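Q: Note that numbering that gives the first Met the number 0 gives residue 92 to position 93 of the sequence shown, counting from 1, and the numbers run on in steps of one.
Bear in mind the hints are in silico, worked out from the structure with no lab data behind them.
Keep in mind that the hints are not guaranteed to be accurate.
SDA-like, lysine to any residue: derived pairs with alpha carbons at most 20 Å apart [said to hold, decoys possible]: (1) Lys47 / Asn169; (2) Lys12 / Glu290; (3) Lys242 / Lys12; (4) Lys97 / Ala111; (5) Lys47 / Ser22; (6) Lys10 / Asp280; (7) Lys57 / Asp103; (8) Lys121 / Asp187; (9) Lys227 / Asp258; (10) Lys47 / Thr70; (11) Lys173 / Phe139; (12) Lys58 / Gln104; (13) Lys233 / Leu205; (14) Lys149 / Tyr197; (15) Lys171 / Phe106; (16) Lys130 / Ala238; (17) Lys242 / Asp280; (18) Lys121 / Lys227; (19) Lys171 / Lys57; (20) Lys173 / Asp280; (21) Lys130 / Asp258; (22) Lys173 / Asp103; (23) Lys121 / Asp281; (24) Lys88 / Ala238; (25) Lys233 / Phe216.
Here the structure is a predicted model, which means the values were calculated and not measured.
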Amino acid sequence: MTKQATFNEIKTKLGDGPARFASDNERSFREQLDALTEDERSCYDTLKKRWEERVEEKKSKGGKSKHSGITLFPDEMYLTFARCSPGLKKFNADGAWKVMKNYDQRFLSATASQLEEQLKTKTLFVVPGLKSKEGGHDMFYMRPSRYFPKETSTETIIDNLGYCMSVLVNSKEKNGTEGIAFLANMDDWSFTNFSVRYCHNFMMMLQGKVPVRVRMFLIVNPPSWFDKIWTIMKPMLAADFRKKVHMIPESQLNDYLTDGFEEYLPDDIGCGKASTEQMVDDFIQYRKFLEEK
Numbered sequence: 000m001t002k003q004a005t006f007n008e009i010k011t012k013l014g015d016g017p018a019r020f021a022s023d024n025e026r027s028f029r030e031q032l033d034a035l036t037e038d039e040r041s042c043y044d045t046l047k048k049r050w051e052e053r054v055e056e057k058k059s060k061g062g063k064s065k066h067s068g069i070t071l072f073p074d075e076m077y078l079t080f081a082r083c084s085p086g087l088k089k090f091n092a093d094g095a096w097k098v099m100k101n102y103d104q105r106f107l108s109a110t111a112s113q114l115e116e117q118l119k120t121k122t123l124f125v126v127p128g129l130k131s132k133e134g135g136h137d138m139f140y141m142r143p144s145r146y147f148p149k150e151t152s153t154e155t156i157i158d159n160l161g162y163c164m165s166v167l168v169n170s171k172e173k174n175g176t177e178g179i180a181f182l183a184n185m186d187d188w189s190f191t192n193f194s195v196r197y198c199h200n201f202m203m204m205l206q207g208k209v210p211v212r213v214r215m216f217l218i219v220n221p222p223s224w225f226d227k228i229w230t231i232m233k234p235m236l237a238a239d240f241r242k243k244v245h246m247i248p249e250s251q252l253n254d255y256l257t258d259g260f261e262e263y264l265p266d267d268i269g270c271g272k273a274s275t276e277q278m279v280d281d282f283i284q285y286r287k288f289l290e291e292k
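Could you put together the complete structure from these sequences and hints?
A: This is how it looks when you write it as structure tokens:
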């Protein structure tokens, strides 16, 4: 679990750069829990009780169970699972339960220190201030041309993805209740940056392997031959998720991002003005500060 720190504390301690990743005026977990409707609270309580019973059952079997390492979730996670339950309706206990059972609990203990080497490749990271035009969703960014399946394991890039999505969804109440968005800058991308296994695992993560609602997936500047890759990707995506995917040239970003997006967009895409190097360094510093014991 990360420690609690106010925006002003972070700004004073770390400076403006890392502080741009911090949230201000967020309600506490207890305040969010108290504000739930009766039905929403019932879903939360049901998930927590069922998971506690599952953990007790698996623990009682000792080493005989493949789930012997299963642990309880922090209370905040039960609320996240409830809010991000798959389908049109939030707080669907049955839908959320499926995600909980399939969730890889290694993401609970992931830290910036563990992932620092991968984060510094500037392949995938959170972008502060960048928001989708529809819904005003916070966003994370990827430069797929920096990932080479033959050099870096699929697990490493999936850990990078799971960590960034989890940071986003847990950092703001709005991200948990309404979702987040994703932008992939395809500049310089080639077949050497692709594998079917990596693609499949990545698409599954975007669609429910972790409790998060991805509201928009922008594929920017895809190569002219990307239709061959889309033929492979498309069957991996649920019909409703395909509607969230938009393959566009950089010139159309203003149709999907809020006004002034250039100031926040990493500068390794043509119209971006924010230093990619500094952004990643600030993100790592910010997360290390929160995650230090």
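Q: Each hint: holds or not?
A: Verification of the hints:
1. A threshold of 20 Å between alpha carbons decides the hint, and for Lys47 with Asn169 the separation of about 18 Å falls inside it, so the pair holds.
2. As the CA atoms of Lys12 and Glu290 are separated by approximately 14 Å, the hinted pair is consistent with the 20 Å bound.
3. Simply put, Lys242 and Lys12 have alpha-carbon atoms about 43 Å apart, too far for the 20 Å limit, and the pair is violated.
4. Taken as a hint, the Lys97 and Ala111 pair is broken in the structure, with Cα atoms around 28 Å apart against an allowance of 20 Å.
5. Our distance criterion of 20 Å between C-alpha atoms is broken by Lys47 and Ser22, whose separation comes to about 27 Å.
6. Between Lys10 and Asp280 the alpha-carbon distance is near 15 Å, which keeps this suggested pair within the 20 Å criterion.
7. Only pairs whose Cα atoms come within 20 Å are accepted, and Lys57 paired with Asp103 is accepted, the gap being roughly 16 Å.
8. Pair hint Lys121 plus Asp187 holds up; C-alpha atoms about 14 Å apart against a cutoff of 20 Å.
9. Restraint check for Lys227 and Asp258: the C-alpha separation of about 33 Å exceeds 20 Å, so the hint is violated.
10. Of the supplied pair hints, the one linking Lys47 and Thr70 holds, its CA atoms being roughly 12 Å apart against a limit of 20 Å.
11. Of the supplied pair hints, the one linking Lys173 and Phe139 holds, its CA atoms being roughly 15 Å apart against a limit of 20 Å.
12. In summary, the hint linking Lys58 to Gln104 is supported, as the alpha carbons are separated by about 15 Å, within the 20 Å threshold.
13. Between Lys233 and Leu205, the direct Cα distance comes to roughly 13 Å. Compliance with the 20 Å bound is thereby established for this hinted pair.
14. At roughly 11 Å between alpha-carbon atoms, Lys149 and Tyr197 fall within 20 Å of each other, so this suggested pair holds.
15. Simply put, Lys171 and Phe106 have alpha-carbon atoms about 18 Å apart, close enough for the 20 Å limit, and the pair holds.
16. About 24 Å separates the Cα atoms of Lys130 and Ala238, which puts this hinted pair outside 20 Å; it is violated.
17. Only pairs whose Cα atoms come within 20 Å are accepted, and Lys242 paired with Asp280 is rejected, the gap being roughly 34 Å.
18. Distance check on the hinted pair: Lys121 and Lys227 sit about 26 Å apart at the alpha-carbon level, beyond 20 Å; violated.
19. For the proposed pair Lys171 and Lys57, the alpha carbon gap of about 33 Å is over 20 Å, so the pair is violated.
20. With a C-alpha separation of about 25 Å, the suggested pair Lys173 and Asp280 falls outside the 20 Å cut-off, and the hint is violated.
21. Proximity of Lys130 to Asp258 is assessed by CA-CA distance (about 9 Å); at most 20 Å being required, the pair is judged to hold.
22. Simply put, Lys173 and Asp103 have alpha-carbon atoms about 24 Å apart, too far for the 20 Å limit, and the pair is violated.
23. Among the hinted pairs, Lys121 with Asp281 is consistent with the structure: their alpha-carbon atoms are about 12 Å apart, no more than 20 Å.
24. Taken as a hint, the Lys88 and Ala238 pair is honoured in the structure, with Cα atoms around 17 Å apart against an allowance of 20 Å.
25. Proposed proximity of Lys233 and Phe216 is supported: the alpha carbons are some 13 Å apart, at most 20 Å.
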